[in-house]
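Residue numbering for the sequence shown follows this note's numbering, beginning at 237 and increasing consecutively.
In case anyone wonders, no lab produced these hints; they're calculated from the structure. Predicted model, so just to flag it, every value in this text is computed and none were measured. Glycine included, C-beta positions come from ideal geometry on N, C-alpha and C. Errors might be hidden in some of the hints.
[Claimed, not checked] Think about it this way: if two alpha-carbon atoms lie no more than 30 angstroms apart in a straight line, the pair counts; the simulated DSS-like pairs of lysine-lysine are:
#1 Lys590 / Lys347
#2 Lys483 / Lys368
#3 Lys550 / Lys590
#4 Lys703 / Lys644
#5 Lys391 / Lys371
#6 Lys391 / Lys250
#7 Lys590 / Lys502
#8 Lys483 / Lys347
#9 Lys371 / Lys332
#10 Lys550 / Lys502
#11 Lys438 / Lys368
#12 Lys347 / Lys391
#13 Lys625 / Lys308
[What the hints assert, rightly or not] Here are the in silico distance ranges between beta carbons for each label pair:
#14 Glu611 / Asp556: 35 to 43 angstroms
#15 Leu624 / Lys274: 41 to 49 angstroms
#16 Pro648 / Ala309: 40 to 48 angstroms
#17 Pro267 / Lys368: 18 to 26 angstroms
#18 Thr279 / Lys502: 16 to 24 angstroms
#19 Gly330 / Pro267: 47 to 55 angstroms
#20 Ala419 / Arg569: 50 to 58 angstroms
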Amino acid sequence: MEILLKKGVLGEEKADAVVMGHFAGGKANSPLIEREIKDHAFTGKLGSTVSIRAEAAMKARRVILVGLGQPKAFTEESAREAAACAVNAARNVGAKRVAVEVMAHANVSAKTVAKAMVEGMRLAAYEYRSYKTDKADGRGVKVVTILALNARDLKSATDGAALGELYAAATMKARDLVNTPSAHMAPKDLLVAAQEAVRGHKGVRIRSYDKAALERLGAGGILGIAQGSDHEPVMVHMRYRPANARKSIALVGKAVTFDSGGLSLKPANSMETMKLDMAGAAAVIGAFSAIARLHPRVEVHGIFGACENMPSGKAIRPGDVVRTLSGKTIEIRNTDAEGRVTLADTLAYAAKLKPDLIVDVATLTGACVIALGEEITGLMSNDHAAALKVGAAAVAAGESVWELPLEKRYRPLIESDIADFKNDAPRWGGALTAGLLLQEFVNGIPWVHLDIAGPAFAERPLNAYTKKGATGHGTRTLLELIRMA
């Protein structure tokens with residue numbers, strides 16, 4: 237799908253369909269369209285659409301009305317959702333060429349709206365077809381022209397659209413990685429994906445640590461979880477370093493390329509989508525595919541420890557103890573609580589870099605899904621200001637988060653009788669105790685933990701631009717955080 241921007245008005249644009257945004261309670265500027273609105277009982281609810289005939293004076297064949305919701309409630313996410321709905325509606329009526337005006341509003345700038353519109357349209361059109369033998373049905377929209385009313389808005393919208401293209405491409409990169417079956421996304425494949433994502437990007441360097449190097453580092457957490465697999469682990473460190481960096485941020489992603497549960501084996505149906513357990517690393521890789529083009533004045537590290545959690549005669553056992561990169565020890569009580577063990581090493585590695593902020597993204601606990609459902613990320617932090625910054629970035633990205641407490645009274649629940657810590661705790665408050673364990677490895681540096689176990693993979697369509705499968709959740713939040721830094 238090609239997205240173009242130019243100055244113009246809908247009535248003069250030749251297209252199969254033109255898209256008109258319509259606020260709830262608003263009036264159309266055409267008696268014909270006003271009658272059609274009444275005939276279809278169209279309320280302007282956000283994301284609602286109706287396809288109607290175009291007026292004779294228009295050069296387009298059809299008009300697609302898309303609801304923008306209440307004017308006072310219009311946000312960047314409103315534009316993202318509405319644009320996605322418009323593309324879906326255009327596809328449903330077979331439109332190949334579509335025109336739409338920038339959904340400008342007093343609450344949101346033309347730049348921000350155009351950015352969100354491009355994201356929504358690109359993500360709505362996303363399909364993962366790498367393993368399909370049949371061709372796509374060809375019904376998709378081929379060209380979308382975004383119209384601005386004047387030169388100033390066109391300049392602003394063009395800048396926003398370019399940003400939206402970066403964000404959408406980064407999100408789709410993450411989606412592709414998570415959607416790829418684990419047979420083709422082993423730890424070494426995730427390393428290759430990271431190398432490809434940053435190849436040729438100015439200011440970005442990448443370093444990897446193979447099994448022997450991890451042994452020298454003392455990364456017993458990653459090595460312990462990986463030992464049951466035929467695939468050797470690898471730790472990856474991507475680094476963007478501009479000359480004028482004001483601060484540094486470390487992004488850490490969980491990267492278990494397949495999680496069988498190890499000897500604490502998952503039920504068969506719980507394994508069906510466990511290719512998703514590297515979604516945190518995918519979000520970090522996706523973000524890094526765009527970072528250099530954003531030119532932020534902040535140094536960014538992207539770190540993940542990739543491994544596979546499998547049962548075998550070599551697999552780590554309940555009751556074993558690992559010594560992590562930090563020197564602290566963890567008793568393995570449940571081999572299916574593996575993510576916090578691998579993150580102990582990557583967080584400790586990040587802490588040694590002494591960044592101003594560490595953010596980890598992980599499909600960590602089913603307990604978080606029970607608490608917040610499939611669409612909301614659990615946020616935990618040791619620093620209130622850092623939590624607010626990441627929360628604000630998530631709002632701008634259209635990715636829902638909710639802060640959960642790191643309750644100090646629960647810390648004894650992660651203490652072990654034979655080691656410093658244990659990797660499980662009682663069932664209740666499982667997301668919190670997992671966060672408390674991770675906190676032990678950041679060495680007091682401001683840190684935010686994002687548990688994306690729910691929204692990383694959609695078992696059903698979540699909205700107009702998030703269909704079934706990998707969502708790329710977290711990618712745009714990380715990019716917004718970096719851009720705001």
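Please name the hints from earlier in the document that this structure breaks, with their numbers sorted from lowest to highest.
Per hint list: 1, 2, 3, 4, 5, 7, 11, 17, 18, 19, 20 violated.
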